Amino acid sequence: MTEELLQAYSLVTAVAGGLFFWIGFIIFGITARRYSVVFNKATYYGLMMSAPSGILIYSLLLIFRSAVFTKNPDINFWIQVFAYVFLLLSSFLCLISVLKLNKLIDELKKYRGTK
Amino acid sequence: MSFDAFIYEAGLLLLAAASAYMAVVIKKLTAIVGEKNNLWLLPAAGSAVLIVSLAAHLYATIALLPELGKHIQMFSDENIIFNSAKMDEVKAAVEKIKNSLLLLKAFSFTCFFVSSLLIALASWLYLKLISK
Numbered sequence: 001m002t003e004e005l006l007q008a009y010s011l012v013t014a015v016a017g018g019l020f021f022w023i024g025f026i027i028f029g030i031t032a033r034r035y036s037v038v039f040n041k042a043t044y045y046g047l048m049m050s051a052p053s054g055i056l057i058y059s060l061l062l063i064f065r066s067a068v069f070t071k072n073p074d075i076n077f078w079i080q081v082f083a084y085v086f087l088l089l090s091s092f093l094c095l096i097s098v099l100k101l102n103k104l105i106d107e108l109k110k111y112r113g114t115k
Numbered sequence: 001m002s003f004d005a006f007i008y009e010a011g012l013l014l015l016a017a018a019s020a021y022m023a024v025v026i027k028k029l030t031a032i033v034g035e036k037n038n039l040w041l042l043p044a045a046g047s048a049v050l051i052v053s054l055a056a057h058l059y060a061t062i063a064l065l066p067e068l069g070k071h072i073q074m075f076s077d078e079n080i081i082f083n084s085a086k087m088d089e090v091k092a093a094v095e096k097i098k099n100s101l102l103l104l105k106a107f108s109f110t111c112f113f114v115s116s117l118l119i120a121l122a123s124w125l126y127l128k129l130i131s132k
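Taken in order, these protein sequences are the chains called C and S. Each residue of the first sequence is one higher than the one before, starting from 1 at the first, in our numbering. Each residue of the second sequence is one higher than the one before, starting from 1 at the first, in our numbering.
So here's chain C without its partners, still in its complex pose (with noise of 0.2 Å):
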């Protein structure tokens, strides 16, 4: 496999990882939605809805560097930096919803032994 093969497989794959994750994370969120509801608590839904909103931006800051700054390595820098502090971001963001919706889960289980 020739050179830019690779690397635009490279591309490709960390795109559509970025899409998938934030597509993961956007329905779990709906599943907390529905048992917000159901529980009548917070499930911090949106706070994971919009939390992979960052991995989003990675994606797209991939396609934006690949796609228009190729000849300028200082900038290509940056945009791959910044690309990678959104992820970084977002990936806190998701960790930290996904925890408290684990600490909400413990507490029903709680509640229902002690009932």
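In short, the hints are calculated from the structure, not lab data. Errors might be hidden in some of the hints.
Said to hold, decoys possible - Per label pair, the in silico range of CB-to-CB distance:
no., chain 1, residue 1, chain 2, residue 2, range
1, S, D88, C, S50, 49 to 59 Å
2, S, K132, C, Y111, 20 to 30 Å
3, S, N79, C, W78, 30 to 40 Å
4, C, S50, S, G69, 33 to 43 Å
5, C, R33, S, S2, 38 to 48 Å
6, S, D88, C, N102, 51 to 61 Å
7, C, R33, S, A31, 15 to 25 Å
8, C, N72, S, K28, 41 to 51 Å
9, S, K98, C, F64, 39 to 49 Å
10, C, E3, S, F82, 22 to 32 Å
11, C, A67, S, K98, 15 to 25 Å
12, S, L64, C, N102, 35 to 45 Å
As the list claims (entries may be wrong) - Residues of chain C placed beyond 10 Å of chain S at every Cβ, according to the derived structure:
no., residue
13, G17
14, K41
15, A42
16, L47
17, I57
As the structure is a prediction and not an experimental result, all values here were calculated from the model. No residue lacks a Cβ here, since even glycine has one placed at the ideal position from N, Cα and C.
Model the placement of chain S on the given structure of chain C, informed by the hints.
Only chain S this time, still in chain C's reference frame:
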């Protein structure tokens, strides 16, 4: 290790942790709705695949990139510049490391993609399960 690589690796680690906790949450929620299935294994596997992706990236940044830098520096060594046999050796080594880096990058992003598919599939299947 460069700071951009560190940010990316920290992001992957947090995403792997989020996926692992998603597995825990799905397992608990599946028990709550009274279903018996192993849907939680999908995000758990996704988390494990992300760790493999992280390991590949770490190996590239910690082992291969410094090795590439060392070999590139050899091009300014007089003992190598004036020795064509050694020069060819260094060129071949640089080419080999570059190819390994490209393959590792492709492998790492393939793992990232597979993991994302597993997470999206698990979320979708769980939503389908509770929508019945």
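Here is how each hint holds up against the structure:
1. S/D88 x C/S50: 49 to 59 Å: 55 Å, holds
2. S/K132 x C/Y111: 20 to 30 Å: For C/Y111 against S/K132, whose Cβ atoms are near 25 Å apart, the range 20 to 30 Å holds.
3. S/N79 x C/W78: 30 to 40 Å: Check passed, 38 Å falls within 30 to 40 Å.
4. C/S50 x S/G69: 33 to 43 Å: Holds, since C/S50 and S/G69 (Cβ atoms, about 40 Å apart) stay within the stated range.
5. C/R33 x S/S2: 38 to 48 Å: Between C/R33 and S/S2, where Cβ atoms are some 40 Å apart, the hint holds.
6. S/D88 x C/N102: 51 to 61 Å: 58 Å, holds
7. C/R33 x S/A31: 15 to 25 Å: 20 Å, holds
8. C/N72 x S/K28: 41 to 51 Å: Given about 49 Å between the Cβ atoms, the range holds.
9. S/K98 x C/F64: 39 to 49 Å: 25 Å, violated
10. C/E3 x S/F82: 22 to 32 Å: 30 Å, holds
11. C/A67 x S/K98: 15 to 25 Å: 24 Å, holds
12. S/L64 x C/N102: 35 to 45 Å: 37 Å, holds
13. G17: Its Cβ does come within 10 Å of chain S, the nearest being 4 Å, so this is violated.
14. K41: For C/K41, whose nearest Cβ neighbour in chain S is about 13 Å away, the distance exceeds 10 Å, so it holds.
15. A42: 15 Å, holds
16. L47: 12 Å, holds
17. I57: 12 Å, holds
Hint compliance for this structure: hints 9, 13 are broken, all remaining hints hold.
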